[in-house]
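Those sequence lines, one after another, are chains A and B.
Position 12, counted from 1, in the first sequence is what the working numbering calls 12; the numbers after and before it change by one each time, with no gaps.
Position 136, counted from 1, in the second sequence is what the working numbering calls 136; the numbers after and before it change by one each time, with no gaps.
Careful: at least some of the hints might be erroneous.
Here are the simulated DSSO-like pairs of lysine-lysine, each with C-alpha atoms no more than 27 Å apart in a straight line [to be verified]:
hint, chain 1, residue 1, chain 2, residue 2
1, A, K155, A, K170
2, A, K204, B, K159
3, A, K204, A, K170
4, B, K146, B, K159
5, A, K178, A, K204
6, B, K77, A, K211
I should point out that these hints are in silico values taken from the structure, not numbers from a laboratory.
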Amino acid sequence: MIRRRVGRVLLLLLLLFAFFLGLDMMGLAFKLFGKGFAEGMIARTANPFVGLLVGILATSLVQSSSTTTSMTVALVAAGGLTIDGAIPIIMGANIGTSVTNTLVSLGHLTRREEFKRAFAGATLHDFFNLMTVAILLPLELTVHVLHRSAQALEKVLEGSGGIELFDPLKAVVRPAAKWLSGQLGSSGALTLIAGLLLLFFALKLLVDLLKELVSSRAEQILDRTLFRSSLAAIGAGTLITVMVQSSSITTSVMVPLVGAGVVTLEQLFPFTIGANLGTTVTALLAALATGSPAAVSVALSHLLFNTMGAVIIYPLPVLRRVPLALARGLGSIGSRNRVAALAYVATVFFGLPILLLVLSGGFNAPADRPAAAPPPAPEPIEGPVEPGADPAAEPQSDPAVDPGAGAEGAGPPPGSGGEAQTPSQPLSPVEVDDV
Amino acid sequence: MFKGFFSGAPRSPLIEAAFDDISEMLRVSGRMLDLALESLLDNQPLQADLDELDDPVDEAERMVRRSVLEHLSFNPKQELVASLVLVSMVQDAERIGDFARGIGELVPLAKSERQGPFADRLRTAAAELRPLFEITEHAFRDDDEKEARRVMGRSSALKEELQQFTADVADSDLSADMAVVYANAARILRRIGSHLSNIASSVAQPYDRIRHGDEEA
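So here's chain A without its partners, still in its complex pose:
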């Protein structure tokens, strides 16, 4: 028994190492690709709607918002994404993550009443996340509410030394990442693929292992807290999601309970909010591991997005009733017409994002897209550099691919005093000497 426990803890540590290694390799790959590639990425995601759709689609495909958000913070840390470009992706990841429990609810299709409840329970998460985006995305585009708050929080964290918390980890991960990249011929593409695979599989196995390790305790927490109060349910949702590192698992677990009528939609709602809050921990860990203030800002914006959504929608009965009513309505429609339920999943999580991405030119190379407006204030940036290049000798700004140029509202927050991570700002690159 003891040997088994030690083995599991060692495996857990190994998977965590692989997760951080994958993140670091992605950063390394972007530096190997060079400045042009990073700038292309930035230009591609400069349109916040494209970012949102990419977030939805990517998360729906991998069925893990943690993977998408971790990749996003890694890209920000590597200079391949700005904070403004990353925030809509994070929002999209929040929407996309609810595909898993919606798919789980389809398992109840054969029993009409059970499916009606299960589908309503699953889509409650969808509607809550969609509503949060509908409220916060316009606010972000106009007054940069998330960007500003996240940066303020990040400064506090930086001031307290929180950003350096993971520096010892970097000292272990970085040489391993460089060695692995070297084994792959220092190829940017191969390093990126290896990093992505490591990240994806490490996270998947980590979630599986954590679920196995903590599920007994998690089911006990659920049993003790779910029916007590809304706050207890939020706490349970958060805690269980942090424990298993996956909101998809937490919310999916609830679907059979809602389907069986043991848990009502009203009881489920605060638990779902908790799951949304708990899932932000993965990106925070990933961001802290990169040591990049910009990446930490993005991870904090994820936390703030979910916190603000909860604070705005849940306490107000008028707003709280909206996702509940929509979920009930859709559950009712889905139970009467099961094709409609399938069509909903196919459209919202896959069809619509793909269609809109095609229409918006999100799949085109940046050069194919309509000419961007001139950049507001091109200033030197410390972007990703070619391997071996002298960063000081290379001009770091290129107005033609300025990430803020083509995106309405994607520029620096007004009055941010250059604090925002935009083209007029350093992109918090990983140390140049690492490549």
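Starting from the known structure of chain A, arrange chain B on it as the hints suggest.
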């Protein structure tokens, strides 16, 4: 709170709690049966409100079902058979509470005191039945197949005795009210024994043969 996270606990806490709930259901039902029999066969006034005593039994049934569902939602592979068995067991445990209450409901139907050979035979049957509660609990808590088979055997023997008792009542010259009371009391004791046997069969029999051999309960 975090103690035991990595303990690899052999049994889910919710499943453990469900077993506890069923044990408690059996204990409460046993007490209810004692009180009801005391009133019926010893001609004493009923010492407690059996409906009230039965409420926690019904509540425990809900708790067991919920615990099992919560557990299976988290861990569909872990203790799957135990979970399904619990759902079957809890149904039997809940019915035992209802039957114990049913004996109490017979008392007002009797227009005279319960005395004589029929009352004595019922007392003997009740005395044979009562220990089966504890043995059944022990059998399913400790997964004791031998004890489970003992319950099934005794329950089967009791069933035959009580069937004979009912036939004898039918042939007797008892008044209508006393015949109804004795025959129903015998039927209820027989059913309680069958439900205990069903619970025991979940230990002694393969899953698909639980309740096998006693379709009546």
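Verification of the supplied hints:
1. Distance restraint check for K155/A and K170/A: the Cα-Cα separation of roughly 21 Å lies within the 27 Å cut-off, and the hinted pair is therefore satisfied.
2. In summary, the hint linking K204/A to K159/B is not supported, as the alpha carbons are separated by about 56 Å, beyond the 27 Å threshold.
3. Between the alpha carbons of K204/A and K170/A the distance comes to roughly 22 Å, so the proposed pair stays at or under 27 Å and holds.
4. Among the hinted pairs, K146/B with K159/B is consistent with the structure: their alpha-carbon atoms are about 20 Å apart, no more than 27 Å.
5. Taking the CA atoms of K178/A and K204/A, the gap is near 23 Å; set against the 27 Å cutoff, the hint holds.
6. Taking the CA atoms of K77/B and K211/A, the gap is near 12 Å; set against the 27 Å cutoff, the hint holds.
The earlier numbered hint that this structure contradicts is number 2, and it is the only one.
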